[in-house]
Amino acid sequence: MKFISKSFLLVHLLFLFSEVLYAGDTTRTSTRADALQYIRNIKNLSRSNFWPNINPDEFLKNLKEDINIPLALYQGSNTNFCGYAALSYMPLNNDPLGHAKNLIHLFETGEVQYGQVFLQPSLAVRLAAGNLKFKGGLDIRPAEQMWFLSLADHFKSYLNFFNKKYDAGDENTFWAAVSYGKFNRMIKKLFNYDVHARGADLRHPRVGDMYSYLSEQLKKDGTTIVFQNNAYLRKKNTSKLKPGFPTHFIVLLEIKKYENDLIDVIYWDYGFRSLRQVTPAILKKIVFGVSFVSKKRSTHE
Amino acid sequence: MNKLLMIIVIGLLMSSCATTSMVKYYNENHKQLDIIQQSYKEIYARKPFTIEFTDKSYQHIFLELLTDSIKYIYEFDVKETRLNDTLIKFNLPPASVMNLINRMQSIECKWLSNLDYYTEGKKNTLVFLSVKTKDFRWFFTPQKYYIMTYYIQPQYYDSQGRLLDGRSRRRLRELNGDVFKRVNARVAYTISQRFR
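Which chain is which? The protein sequence lines are S and E, in order. Once you know that position 12 of the first sequence is 12 in the numbering used here, the rest is easy, because the numbers rise by one and skip nothing. Once you know that position 80 of the second sequence is 80 in the numbering used here, the rest is easy, because the numbers rise by one and skip nothing.
The following block holds chain E by itself, in its conformation from the complex:
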């Protein structure tokens, strides 16, 4: 019985730690995070694309370039000249994209994309950003990511700070099967084993 109680207490403490660490992380890094999402949004408006870092040293990326007819998925070393050529070919501003990549490297941002979601039958978009957590983890336990979602409009949350799906406020919104919590009116987060 005592053991069970201890497990419950540890579990509660750990979940509370996760929330605290996330809020702390956001408070410490929000300037960089906000700049990344803002500059991504601006470049995306010119040409839709996503970026994924594929290695631990944050030197290789998958760049997805979306055109009307096809989605191109290329792998690059960020120092390769081929990357610059491709950006120019696809009408993306090389300096701005490289600046974005550098900022992503600096905070170990693993994945950056624009995501469509639907509320009451209407299409909306958000910026989806994953950052590797720095928290202690046991050997063999999976890597976790802070997932941050940036909305255009302020969102609805319940009394526990969980993101709700639209004005009806009857159900929690899920993205990739995860429930999100409030950072502020336009930013919600979750901690997940999947970065996308």
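Just chain S, with the same shape it has in the complex:
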């Protein structure tokens, strides 16, 4: 009898342990309503000693807007924050409550355990957040300033080798730059997603017909993020010498090919959705990385 009860206890413990293990390897999700309710319950958010230039009311307003309209999140004009903006698509759409809690915690205490990552932004970054100017809509979005600066301060890759410490204006420099490897790593570590990445910083992905490949990704249950050379799509000068490497992350939403071979690409480019018509040749030329990001699910499901 004693043996049976011990065995039962052991089996029960093993079952509980496996549940914890599965839960730990499952991507956390929550609803928008939960997140908004959580924010509504915050009656008085005091000014934070850790983020002296962030107004708490504006911070909450910004956070609420991002949760209500995830596509409103804005990287700012002429910044290198596009990678951080692109990866924010996942928590804002799939775990807004977790994201809101983490950002509030980061605001109140100056640090947060976000997924596998312990974010503890430097003083220079904490003083800059809320003070970024001349970045268009980002000027009045302190929650995004705090979030992007904290991520850029923490995650480093070879692109950040010569500029690892934040100085004023570094949001536009290599300090904030995101390589393809760093981008995929950030998603895995922060949000616990499966990331299937094709491509590299200096090499196009070998996926055959690019339109067919992207269409296939969009049919699956997940998010497709494209790392592309923006010099062809959004020219800022008329120089014939264009960089032969990717410069911009976008979230691909739809893709459609017409009989005349032109392709409509609909993507999220921060602040709004864009529809751009390109030829198959241009599409192949600009795409350097395609990351398919999907939730990890428990095997019990």
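Hints were generated in silico from the structure; no laboratory data involved. Watch out, some of these pointers could steer you wrong.
Unchecked claim - Short, incomplete list of chain E residues facing chain S, as computed with Cβ under 8 Å:
1. K71
2. I73
3. E120
4. G121
5. T125
6. P142
7. Q143
8. R173
9. E174
10. L175
11. F195
Please read all numbers here as calculations on a predicted model, not as lab measurements. The beta-carbon is built from N, C-alpha and C at its ideal position, and this holds for glycine as well.
Take the given structure of chain S and dock chain E to it, following the hints.
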């Protein structure tokens, strides 16, 4: 030492030439420029859009059409009938837009847009217009653009004529990383390698 002095003098002369050429350009073309910005503002109020010329012959444009849910970016030859159809579809007056395009072609205006900027937490807008410079440039040196910004309200400038950010007058305003100078109370300019 003499060489260094010469480089400094040439540098100062060149920067002064840039300012003079810009003011001269504005004085010679202000009627056309002012009409372009005014008519753009009027059409934009009906439907937000931007225009970019994509080629040297000023025959092809990127037209960005902004709706509540999506920004459409299409490329057209300005003579294409497809352009007219698209304008009608997006509720833009074809005759006025074509007139605007013709005026842009006549002064080689590369880019025309409405830009949001923020002062003291408040959203403001300005008309942003880029024109290719006609100045002499050495082979391999990048093309430069006169960037003109038209404000709704008169702006503040410092004693050197540089545009200031709002009433506090403590810092220079930057747009796309450039500092602007006074043309008149409502118009400021810079010379940049980037047209947008």
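A quick look at each hint next to the structure:
The interface hint given for E:K71 is met, as the beta carbon of that residue sits about 5 Å from the closest beta carbon of chain S, less than 8 Å. The interface hint given for E:I73 is met, as the beta carbon of that residue sits about 5 Å from the closest beta carbon of chain S, less than 8 Å. At about 10 Å, the closest approach between the beta carbon of E:E120 and any beta carbon in chain S exceeds 8 Å, and the interface hint on this residue is violated. The interface hint given for E:G121 holds, since its Cβ lies 6 Å from the closest Cβ of chain S, which is under the 8 Å cut-off.
Interface restraint check: E:T125 against chain S, minimum CB-CB distance 11 Å, threshold 8 Å, status violated. Hint status for E:P142 relative to chain S: holds, with the closest Cβ pair at about 6 Å, below 8 Å. The interface hint given for E:Q143 holds, since its Cβ lies 5 Å from the closest Cβ of chain S, which is under the 8 Å cut-off. For E:R173, the interface hint holds, the least distance from its beta-carbon to any beta-carbon of chain S being 7 Å, beneath 8 Å.
Interface restraint check: E:E174 against chain S, minimum CB-CB distance 4 Å, threshold 8 Å, status holds. For E:L175, the suggested interface contact is upheld, since its CB lies about 7 Å from the closest CB of chain S, less than 8 Å. Because the smallest distance between the Cβ of E:F195 and any Cβ of chain S comes to about 7 Å, under 8 Å, the interface hint for this residue holds.
The structure shown violates the earlier hints numbered 3, 5.
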